[in-house]
Amino acid sequence: MLGRRVEDLTELTTGEALRVFEAAQRAAEEVVDVESKPAADDGQFPPEPPEGLFPDEKPKGNGNGSKLLTSAEAGRLHKKLAAVGLPREEHHAFASAVLGAEVTGFTLLSREQAVEVNAVADRLARGEVEWRGGELVLPPDEDAA
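If you count the sequence shown from 1, you need to add 109 to reach the numbering used here.
Read the hints as simulated data drawn from the structure, not as lab findings. Keep in mind it's a predicted model, so treat the numbers as computed, not measured. Using N, Cα and C, we set each Cβ at its ideal position, and we do this for glycine too. Don't take each hint at face value.
In silico EDC-like pairs for lysine to aspartate or glutamate, Cα to Cα no more than 20 angstroms straight-line [claimed, not checked]:
#1 K176 <-> E120
#2 K189 <-> E239
#3 K176 <-> E116
#4 K188 <-> E198
#5 K176 <-> D250
#6 K189 <-> E120
#7 K188 <-> E131
#8 K189 <-> D117
#9 K176 <-> E198
#10 K189 <-> E237
#11 K188 <-> E251
#12 K176 <-> E211
#13 K189 <-> E131
#14 K188 <-> E199
The calculated label-pair distances, taken between Cβ atoms and stated as ranges, are [claimed, not checked]:
#15 R185 <-> L127: 18 to 24 angstroms
#16 P248 <-> G124: 16 to 22 angstroms
#17 E239 <-> Q134: 37 to 43 angstroms
#18 E244 <-> E221: 22 to 28 angstroms
#19 V129 <-> E251: 41 to 47 angstroms
#20 A210 <-> R135: 26 to 32 angstroms
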């Protein structure tokens, strides 16, 4: 229905979630007699319209021209932080420490901010910085955000 595989519902945009919900409601309401209604599927996907699959969706932004992370991108950032050893409940605190501002959700981050969080996560994995007791510990010659 979405044209891509979805592993977790957090990967859906609001528009996609609404389409899935509405389709599920329609499917629950429709009773199809498969004996009297032949299948019309030829096994081919219709061509994608030139304006994309979801032309009604506008790119999200934070008001200063920066694009915000999609749900899928936010999910990948969560996976990255888990892979470097951070417990899920500390992901937002880690991003907040990196950026020097409170982070309440990754879909509220700009892509540039996510790149910065990702870079510090790489440094954490290499042992260049530490995450101790909910606090980012930088080398002595570096200042915090």
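Now the hints, each set against the structure:
With a CA separation close to 16 angstroms, the supplied pair K176 and E120 stays within the 20 angstroms bound. For the proposed pair K189 and E239, the alpha carbon gap of about 16 angstroms is at most 20 angstroms, so the pair holds. The straight-line distance between the Cα atoms of K176 and E116 is roughly 23 angstroms, outside the 20 angstroms bound, and the hint therefore fails. The straight-line distance between the Cα atoms of K188 and E198 is roughly 12 angstroms, inside the 20 angstroms bound, and the hint therefore holds.
This hinted pair does not check out: K176 and D250 have alpha carbons roughly 32 angstroms apart, beyond 20 angstroms. With a C-alpha separation of about 15 angstroms, the suggested pair K189 and E120 falls inside the 20 angstroms cut-off, and the hint holds. About 29 angstroms separates the Cα atoms of K188 and E131, which puts this hinted pair outside 20 angstroms; it is violated. A distance of roughly 15 angstroms separates the Cα atoms of K189 and D117; the hinted pair therefore holds under the 20 angstroms criterion.
Between K176 and E198 the CA atoms are separated by roughly 25 angstroms; this puts the pair beyond 20 angstroms, and the hint is violated. Distance hint between K189 and E237 is fulfilled; the C-alpha atoms sit about 17 angstroms from each other, no more than 20 angstroms. Between K188 and E251, the direct Cα distance comes to roughly 27 angstroms. Violation of the 20 angstroms bound is thereby established for this hinted pair. For the hint pairing K176 with E211, the CA-to-CA distance comes to about 18 angstroms; that is within 20 angstroms, so the pair holds.
About 32 angstroms separates the Cα atoms of K189 and E131, which puts this hinted pair outside 20 angstroms; it is violated. Under the criterion of a C-alpha separation no larger than 20 angstroms, the hint pairing K188 with E199 is consistent with the structure, at around 13 angstroms. In this structure, R185 and L127 meet the distance hint of 18 to 24 angstroms, their C-beta atoms being roughly 23 angstroms apart. A hinted range of 16 to 22 angstroms is violated for the C-beta pair P248 and G124, which are about 43 angstroms apart.
Separation of E239 from Q134 is about 49 angstroms and departs from the stated range, judged on CB atoms against 37 to 43 angstroms. Taken as a hint, the range 22 to 28 angstroms holds for the pair E244 and E221, whose Cβ atoms sit roughly 24 angstroms apart. Between V129 and E251 the beta carbons are some 45 angstroms apart, a value that agrees with the proposed interval 41 to 47 angstroms. With their beta carbons about 42 angstroms apart, A210 and R135 fall outside the hinted range of 26 to 32 angstroms.
Of the numbered hints stated above, those contradicted by the structure are hints 3, 5, 7, 9, 11, 13, 16, 17 and 20, listed in ascending order.
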